[in-house]
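Please put together the full structure from these sequences, using the hints given.
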Amino acid sequence: MRVDVFTVDSWNIIAVPFLRYTSDDGLSLSIRARDYNFLGTLERVAGDADWESEWPDGGLFEADRIDVSVRGAVPFEWRGYDWRWDTSLSAAFIDGASNQYAWRNRFGITFPWLLDLDWSASFLQDLEVRDDEDPDPVWFSTGFRLSVEVPTPWQVPGLGSLRYIPAAEVRLPHSPDRLSDDRRGATAMFDHRLSAGRINWTDNFRFGTRAELINTNAVNLYRVLVDDFGLPKSRSIIEGQVVSYGAFLQDGPVPMGVSARAGSFVQLSSFSRGPADISSRIRGIRRTGGDGVRGEFGGYSNVDVYGRMFRWERFVEGHLGLFLDIGAANTFEAGIDPDDFAFGSGVEVILFPLFARALSLRASLGFDLRAAVEDREGGSRRREIFIGIDHHY
Numbered sequence: 003m004r005v006d007v008f009t010v011d012s013w014n015i016i017a018v019p020f021l022r023y024t025s026d027d028g029l030s031l032s033i034r035a036r037d038y039n040f041l042g043t044l045e046r047v048a049g050d051a052d053w054e055s056e057w058p059d060g061g062l063f064e065a066d067r068i069d070v071s072v073r074g075a076v077p078f079e080w081r082g083y084d085w086r087w088d089t090s091l092s093a094a095f096i097d098g099a100s101n102q103y104a105w106r107n108r109f110g111i112t113f114p115w116l117l118d119l120d121w122s123a124s125f126l127q128d129l130e131v132r133d134d135e136d137p138d139p140v141w142f143s144t145g146f147r148l149s150v151e152v153p154t155p156w157q158v159p160g161l162g163s164l165r166y167i168p169a170a171e172v173r174l175p176h177s178p179d180r181l182s183d184d185r186r187g188a189t190a191m192f193d194h195r196l197s198a199g200r201i202n203w204t205d206n207f208r209f210g211t212r213a214e215l216i217n218t219n220a221v222n223l224y225r226v227l228v229d230d231f232g233l234p235k236s237r238s239i240i241e242g243q244v245v246s247y248g249a250f251l252q253d254g255p256v257p258m259g260v261s262a263r264a265g266s267f268v269q270l271s272s273f274s275r276g277p278a279d280i281s282s283r284i285r286g287i288r289r290t291g292g293d294g295v296r297g298e299f300g301g302y303s304n305v306d307v308y309g310r311m312f313r314w315e316r317f318v319e320g321h322l323g324l325f326l327d328i329g330a331a332n333t334f335e336a337g338i339d340p341d342d343f344a345f346g347s348g349v350e351v352i353l354f355p356l357f358a359r360a361l362s363l364r365a366s367l368g369f370d371l372r373a374a375v376e377d378r379e380g381g382s383r384r385r386e387i388f389i390g391i392d393h394h395y
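Here the sequence shown stands for residues 3 to 395, numbered as in the working numbering.
Read the hints as simulated data drawn from the structure, not as lab findings.
Check each hint, because a few of them may be wrong.
Derived CB-CB ranges, DEER-like [to be verified]:
hint : residue 1 : residue 2 : range
1    : Asp341    : Phe20     : 34 to 42 Å
2    : Asp342    : Ile16     : 40 to 48 Å
3    : Val226    : Leu116    : 24 to 32 Å
4    : Glu376    : Ala123    : 32 to 40 Å
5    : Phe273    : Arg4      : 31 to 39 Å
6    : Ser282    : Arg4      : 51 to 59 Å
Beta carbons are placed, not taken as given, at the ideal position from N, Cα and C, and that holds for glycine.
In structure tokens:
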């Protein structure tokens, strides 16, 4: 029996202007172009042009940063193997700082190897250019990465099979001139993760559960073997996260959705010598002004309840939701006490253009609940505003 399958390509190219505003980062105006089926490969090519201003502090028409970037991937088959070339070009023009230019490339192959698994090996080559104010005006980074996904015989109740994904990478920065201490030295990295579960969609609602445990490690070999210049030698972070979504009353007048996320982290060491910042995980909490949630260990949780408020024919669908976020972090020495917990709550509106399923526009208004209670006069002004693309998580 012969079965003929015919397909018709849908609209894959889109170019849209959009506005992004956050209380911490200011205003960003962008033009974003996407081709979701570049040369018939089902790979995405993206082009972005971003204009950013610390509005209103810097004035609406005073750009603090302009970014232009193009990135994409070209997969192909050669000599019986699957190959892939990922490349990106970017330029950043920053007021009062070094302008930045970068060309990043990854050339990889997937091949059967140990344990009869499909391994992925990639050659990495980056070029970074800065203006004369930077101590390293031109430098390169050459590296190699090896990764594999290992299925395990274990099943996680309610989530399905457990997957183990290890990866190792080595990078060597080099320059025609002597590199500054911050950038000198080869870095060896090893990260691995355990994950289970998956997320699906029904219309514009998500359902399902996913859990993962991630450990990332890196060590600067020059700082360990030769001279550390008084800088940290390694980075090691352990993170765990569970996200779950539910969709209800899909055939009713007001379809509803519930989503939740819980996560924790431990930062054993860091190249930055500073604590990890999880303020972005807690809506309503500002990163600036000393209000952020930072530490060497901590955790966070998010809960959202939302419903579909309207659907305008084939053009747009709108959701309205309420959220409550909680998080805390501190150093190992100080520990976490009740005063370290931050509480954020507020309202979100999400718009889904029905002609472009890959896009969603989100606007949220969140409040620092602790500040609102402890400082009744100024606490209500401790709010976080976000206008941009995609869900919070």
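Evaluation of the provided hints:
no. : hint                        : result
1   : Asp341 x Phe20: 34 to 42 Å  : holds, 39 Å
2   : Asp342 x Ile16: 40 to 48 Å  : holds, 44 Å
3   : Val226 x Leu116: 24 to 32 Å : holds, 28 Å
4   : Glu376 x Ala123: 32 to 40 Å : violated, 55 Å
5   : Phe273 x Arg4: 31 to 39 Å   : violated, 59 Å
6   : Ser282 x Arg4: 51 to 59 Å   : holds, 54 Å
Taken one by one, the earlier hints fail for this structure at numbers 4 and 5, listed in ascending order.
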